[in-house]
Each structure stands twice: as C-alpha cells, then as structure tokens.
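Undergrad: In terms of our numbering, the sequence shown opens at residue 258 and continues consecutively.
Everything labelled a hint here was simulated from the structure, so no lab data went into it. Treat the hints with care, as some may be off.
[Stated by the list, open to error] Each computed EDC-like pair below joins lysine to aspartate or glutamate, with the alpha-carbon atoms no more than 16 angstroms apart: (1) 423 x 377; (2) 368 x 336; (3) 290 x 350.
[Claimed, not checked] So the derived label-pair ranges between C-beta atoms look like this: (4) 274 x 301: 25 to 31 angstroms; (5) 336 x 270: 30 to 36 angstroms; (6) 412 x 261: 29 to 35 angstroms.
Glycine residues also receive a C-beta, built at the ideal position from the N, C-alpha and C atoms.
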Amino acid sequence: MNLTPRELADYQHAAREQPASIPLPGINELRIKPIDKDDVISFLEWEPSAYADFEWRTIATYKFRDDYALDFAIWANGELCGLCFACTTPSFDAVHIDYLQGASADDHPLKGHLARVAIEVVDAYASLLGAEWVVIQNPLDGALPVYRGLGFDDIDGEGLARPVAKA
C-alpha cells in the first residue's frame with residue numbers, strides 16, 4: 258500500500274472520528290486525538306495501574322518511525338481516559354493494537370467502555386487500509402475477558418484477533 262501523506266492523514270482522522278456514533282451514557286464530550294505532550298503529561302498524573310504502566314513518553318515517539326502507525330488519546334468530559342498505539346503488519350493484512358491503557362481511576366468517565374471505543378477507532382482504520390484483522394498484541398490476562406466480549410478470539414497465525422468490520 259502506498260498512500261500519500263495527505264491520504265494517510267485523512268484515513269487516521271476518519272478513524273478517530275468513528276466512535277462519535279457509539280451511545281455512551283453520561284458522556285457529553287468525547288474527543289479522540291493524536292497523542293501529544295499534553296496527553297503524556299496528563300498520563301503522568303495517573304496513579305500506577307494494577308496491570309501495567311506503559312512508557313508513553315517513548316511510545317508516543319514510535320509514530321515517527323512508522324508512517325502507518327495510529328496513535329490516539331481518548332478524552333471524555335474533559336478527562337484523559339485512555340491512550341492507544343496501533344500499527345499495521347508489513348503486508349497490511351492486520352492492524353495490531355500494541356498498547357492500550359485506560360486511566361487507573363475507578364471512576365473515569367469511560368470505565369467499562371474504553372476498550373470498545375479504542376477498538377472502534379482501530380477497526381475503522383483497518384477497514385480503510387483494507388486489512389482483514391484487528392489483533393491485540395500481547396494482551397494482559399486481566400483484559401482477556403473484555404477483549405473476548407468484544408468479539409476477539411484465538412486465531413491461528415494471528416493471535417487474539419477479530420475480523421475487521423467492513424464498512
């Protein structure tokens with residue numbers, strides 16, 4: 258696949274707009290945007306997670322190494338609720354979610370909905386690129402029930418994956 262920088266930016270923007278149609282009770286404002294320094298600063302204010310705290314200062318720079326990488330911060334009602342980084346396989350048959358982390362606060366606005374919102378963004382991006390699969394790369398054991406509830410299963414040759422929803 259050979260997209261111009263403008264086409265790629267348009268795809269990434271369109272994917273980040275996808276969750277606007279998801280009904281989310283109590284959410285007045287949902288904003289999904291590329292990760293920037295303000296998002297990393299907000300992340301540093303989170304309490305340590307019970308699962309894993311990824312090094313977002315470093316991860317946020319990965320997007321400069323891979324033109325087709327997709328990174329985004331998920332804000333709801335003015336609060337940073339999650340961060341996600343995904344990239345394509347060289348053959349573009351799958352988009353892998355390499356990192357997805359939610360805020361450690363038990364009362365953040367997207368508690369229980371964050372994975373669904375993030376996966377909608379990645380799924381939309383994968384569909385625009387013509388990929389067949391969305392894959393969760395090295396999922397944490399505690400998150401497996403959430404991913405399985407969102408349609409992910411163990412797929413030979415892919416790992417924990419689900420087919421891309423075609424538009």
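Undergrad: Could you tell me whether the CB distance from residue 274 to residue 301 stays inside 25 to 31 angstroms?
TA: 27 angstroms, holds
Undergrad: Given the hint of 29 to 35 angstroms, is the C-beta distance from residue 412 to residue 261 inside that range or not?
TA: Holds: the Cβ-Cβ distance is about 32 angstroms, inside 29 to 35 angstroms.
Undergrad: Just to be careful, I want the Cα atoms of residue 423 and residue 377 compared with a cutoff of 16 angstroms; is the pair within it?
TA: Holds - the C-alpha atoms of residue 377 and residue 423 are around 12 angstroms apart, at most 16 angstroms.
Undergrad: Against the 16 angstroms threshold, does the CA-CA distance of residue 290 and residue 350 hold or violate the hint?
TA: Violated - the C-alpha atoms of residue 350 and residue 290 are around 24 angstroms apart, more than 16 angstroms.
Undergrad: Taking 30 to 36 angstroms as the hint, is the beta-carbon distance of residue 336 and residue 270 inside that range?
TA: 22 angstroms, violated
Undergrad: Can the restraint linking residue 368 and residue 336 be considered satisfied, given a maximum Cα separation of 16 angstroms?
TA: 12 angstroms, holds
In this structure, the earlier hints numbered 3, 5 are contradicted, and the remaining ones agree with it.
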